[in-house]
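Going down the list, the protein sequences come from chains A and B. Quick note on numbering: the first sequence equals residues 1 to 243 in our numbering. Quick note on numbering: the second sequence equals residues 1001 to 1518 in our numbering.
Since the hints were derived computationally from the structure, they do not count as laboratory data. Nothing here was measured: the structure is a model prediction, and the numbers come from that model. C-beta atoms are modelled at their ideal positions from N, C-alpha and C, and glycine is treated no differently. Take the hints with a grain of salt, since some may be wrong.
Unchecked claim - Going by beta-carbon spacing under 10 Å, a handful of chain A positions derived as facing chain B:
#	residue
1	Val-116
2	Leu-124
3	Glu-209
Unchecked claim - Mimicking DSS-like on lysine-lysine, the simulated pairs with C-alpha atoms at most 27 Å apart in a straight line are:
#	chain 1	residue 1	chain 2	residue 2
4	B	Lys-1004	B	Lys-1440
5	A	Lys-52	B	Lys-1151
6	B	Lys-1489	B	Lys-1503
7	A	Lys-40	A	Lys-65
8	B	Lys-1124	B	Lys-1503
9	A	Lys-95	B	Lys-1489
10	A	Lys-88	B	Lys-1489
11	A	Lys-95	A	Lys-161
12	A	Lys-52	B	Lys-1228
13	B	Lys-1489	A	Lys-161
Stated by the list, open to error - Reference excerpt, derived from the structure (chain B facing chain A, CB under 8 Å, subset only):
#	residue
14	Ala-1174
15	Arg-1177
16	Gly-1190
17	Phe-1206
18	Leu-1421
19	Asp-1425
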Amino acid sequence: MSIVRPYGDTTGDGMVQLSFTLPIPHDKRAEGAAIQLANKMGMDPALLVHAKPMGELTFFVVYGKVSHLVDTDKVQVVERDFPLLSAKEVNATIKRTLRRRLNVVGACIGTDAHTVGIDAILNLKGIAGEKGLEYYSELSVTNMGAQVSVPDLVETARERKADAVLVSQVVTQRDAHLQNTRAMSAAFREALPAGKRPLLIVGGPRFDELMAADLGVDRIFTRGTTPREVASYLVHALAGSPS
Amino acid sequence: MAGKLDLDPRVVRTARRLAAKAGQPVVDLARSHTTVSVERAVLRLAGVRGADQDGIPWVNRLVDAVRADVGLGHGVAVPVFHAMRSAGVDDITVLAQKAAAGAVRFEMPAVRAEVTAARRSAKKAGGGGLKIVDRRRAERERLIKRHGDPKQRPWIYLIVATGDIYEDIPQAQAAARAGADVIAVIRSTGQSLLDYVPEGATREGFAGTYATQENFRLMRAALDETSKELGRYVRLTNYASGLCMPEIAALAGMERLDMMLNDSMYGILFRDINPIRTFVDQRFSRQVHARAGIIINTGEDNYLTTADAVEAAHTVTVSQLLNEFFAHEAGLENWQLGLGHAFEINPDLPESFRLELAHALLARELFPDAPLKWMPPTKHMTGDVFRGNLLDGFFNLVGALTGQGILLVGMMTEAVVTPWLSDRDIALQNVRYVLTGAGKLHEDFVPAPGGFIQSRAHEVLGEAIALLEKIVDDSLLDAIADGTFGIMKRPADRGKGLDGVAKHDEDYYNPVTEALEP
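Same shape as in the complex, but just chain A (with noise of 0.2 Å):
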């Protein structure tokens, strides 16, 4: 079936549930506030079941019908070609298939100083619950930091032998994102012939996934990648599939 709507407690009802809050106080205008805000969003009827007042704002919950329809074969997503894998068989991969660590060396390039991204794939602490790379047994992570420059990237990437190298870039003026990451992947492909060269890795919010080739690297990831993606990207990539 590719038409679908929302299902209640009958098929085709369209009943769909929202909360969210409005910056006004609590009464009968703010009531009527939110249920206009849900008529303007598709639901009619709009059944408001709660509000509650915060302060100077009040917070609703709404329980309405949509008439949408939904057409499950006009969807378009940029699909993960790889399995995501738990810590474990990251680990169990790379353990059979290299028999040996596998060496990632990560940086933010340029005078990024952002580390906010590359420290949530790599750190121990890792970001949403989910550990960074560090956490992986075997993985062998270094974190060069911020601002760090190509060469300098190049020369450790080189010195720990690395099959991966993830460059994270968050500063996006004047493009920077974009030609930092061009002369990192020719930096690399000057420096080391093809065979030789690690897995080049781009992430930053900014950047189209669907750019890797035009910008010379393997694989870009954005907003929201999570370590666990990474690592299975990794594994996919360089260990081959988990048995």
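Let chain A serve as the given structure and place chain B on it in line with the hints.
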């Protein structure tokens, strides 16, 4: 409420004795070393303020200049105050500016009388900073008397984190009005690895707001207003962790922060900061906290986010015992020890709630006079906000059942968004329901003798003692290097900030440490 677990006092004494034995070599190490941040903290207390046009604080410029001329091993106090006398400068910040411009040379005075004179001036200036800290402490006591403490235990602890101090302030005030007793301003990602403390009011943090002296002052002043309005003293918390632990502690003391995150091993394990740097910085910062009457919060909850919360339960106990030993050694009293632990057992595990109760009660009974910091679930929060709210309710219930001192309010949107206003409101409603409905349940709750909860607590304590014995045999630094805590391996000769550590020379002098040694 001691005695619910029927712990053998001899076993508990053994655990403490082992913790002291494991910790003592680290204390000796801390007593014989200094760091750039310890020295900068001394200079901050002695009155150095402000930063150069690139935002590098004058204390950093001054310590770097002294270090380049005479090294760090003598302590900076004598060379700095000797230079002030020789150069005829009476403002220490002006000396820092001159030093940064290369207009001052530092040396250890050759004449004994000059050393004595420099020490005397340093002691007076450092004492001036400590006097500010003392005044702030007296002020806190006065305000608590005037406005009152929270009516209930645990105190309700809420985090704000917008990145912009001027956005944080109204959020913190709103949170206090909604019931928060303690406001924590979480720091910008990456601040822990900065080897300087940023200056001024800041508006551009990442997932948090920079800890600066001015931000501390602004937030404390705002919460003072709110305390007055609410008739309840609202406490302020920040983070003395990372490379600038001693300086942040000094600034917190001078700006009347009330609680500080201060863990003995967090920076080592989770930020890859050099272990020696951390232990030296930590001891000094805790001495300052002790003087300032600040309650520390330790970070054991973090171990459970990396290791399994059941298998690693005893590492939390071990860390609590070590944190307690280091804290007492630095002069902190029991009422200042917000030892951490967390509700992080996989909720799909059978008996998960009973295990949580056993662990929480064990912490309560091992440290009956400490205000224990009880941390909410994060690892098993999935984005299913409805289930998350239920988990938080059970977390709150454990808090009520085991008489926790400080309860960090769990957010159902953990791992989804930085909390919305409505998330916080729902979370506080959850806390209020549990505390109103079951706040005194700990009076009735006694686990069955020899039952599941007692046995589990005894088992964890037994494992903790076995691990402490192993640490005593191998040394704590080796245990850390081997990945005993939170799985991370952190050798003592690696990690960030090691180049900022120096062994004391025989003539090492630090007027602040001298005043703070117990």
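Original post:
Hint check: is the beta carbon of Phe-1206(B) less than 8 Å from a beta carbon of chain A?
Top reply: holds, 5 Å
Original post:
Between Lys-88(A) and Lys-1489(B), does the CA-CA distance stay at or below 27 Å?
Top reply: holds, 18 Å
**OP:** Double-check Gly-1190(B) for me: the hint is only fine if its C-beta lies closer than 8 Å to a C-beta in chain A.
**Re:** holds, 5 Å
Original post:
Given the proposed pairing of Lys-40(A) with Lys-65(A), does the C-alpha separation stay at or below 27 Å?
Top reply: holds, 12 Å
**OP:** Below or equal to 27 Å on CA atoms is what counts here, so check Lys-52(A) against Lys-1151(B).
**Re:** holds, 25 Å
**OP:** Return the status of the interface hint for Asp-1425(B): holds when the least beta-carbon distance to chain A is below 8 Å, violated otherwise.
**Re:** holds, 5 Å
Original post:
Given the proposed pairing of Lys-1489(B) with Lys-161(A), does the C-alpha separation stay at or below 27 Å?
Top reply: holds, 21 Å
Subject >> Lys-52(A) paired with Lys-1228(B) [C-alpha distance capped at 27 Å] >> reply: Holds - the C-alpha atoms of Lys-1228(B) and Lys-52(A) are around 26 Å apart, at most 27 Å.
**OP:** With a cut-off of 8 Å on the beta carbons, see whether Arg-1177(B) makes it to chain A.
**Re:** Nearest chain A Cβ about 6 Å off; hint holds.
**OP:** Go through the hint on Leu-124(A) and say holds or violated, using the shortest Cβ distance to chain B against 10 Å.
**Re:** holds, 5 Å
Subject >> Closest C-beta approach of Leu-1421(B) to chain A relative to 8 Å, hint status >> reply: holds, 6 Å
**OP:** With a cut-off of 27 Å on the C-alpha distance, tell me whether Lys-95(A) and Lys-1489(B) pass.
**Re:** Roughly 19 Å between the alpha carbons, so the hint for Lys-95(A) and Lys-1489(B) holds.
In the structure shown, a violation is registered for the earlier hint numbered 3 alone.
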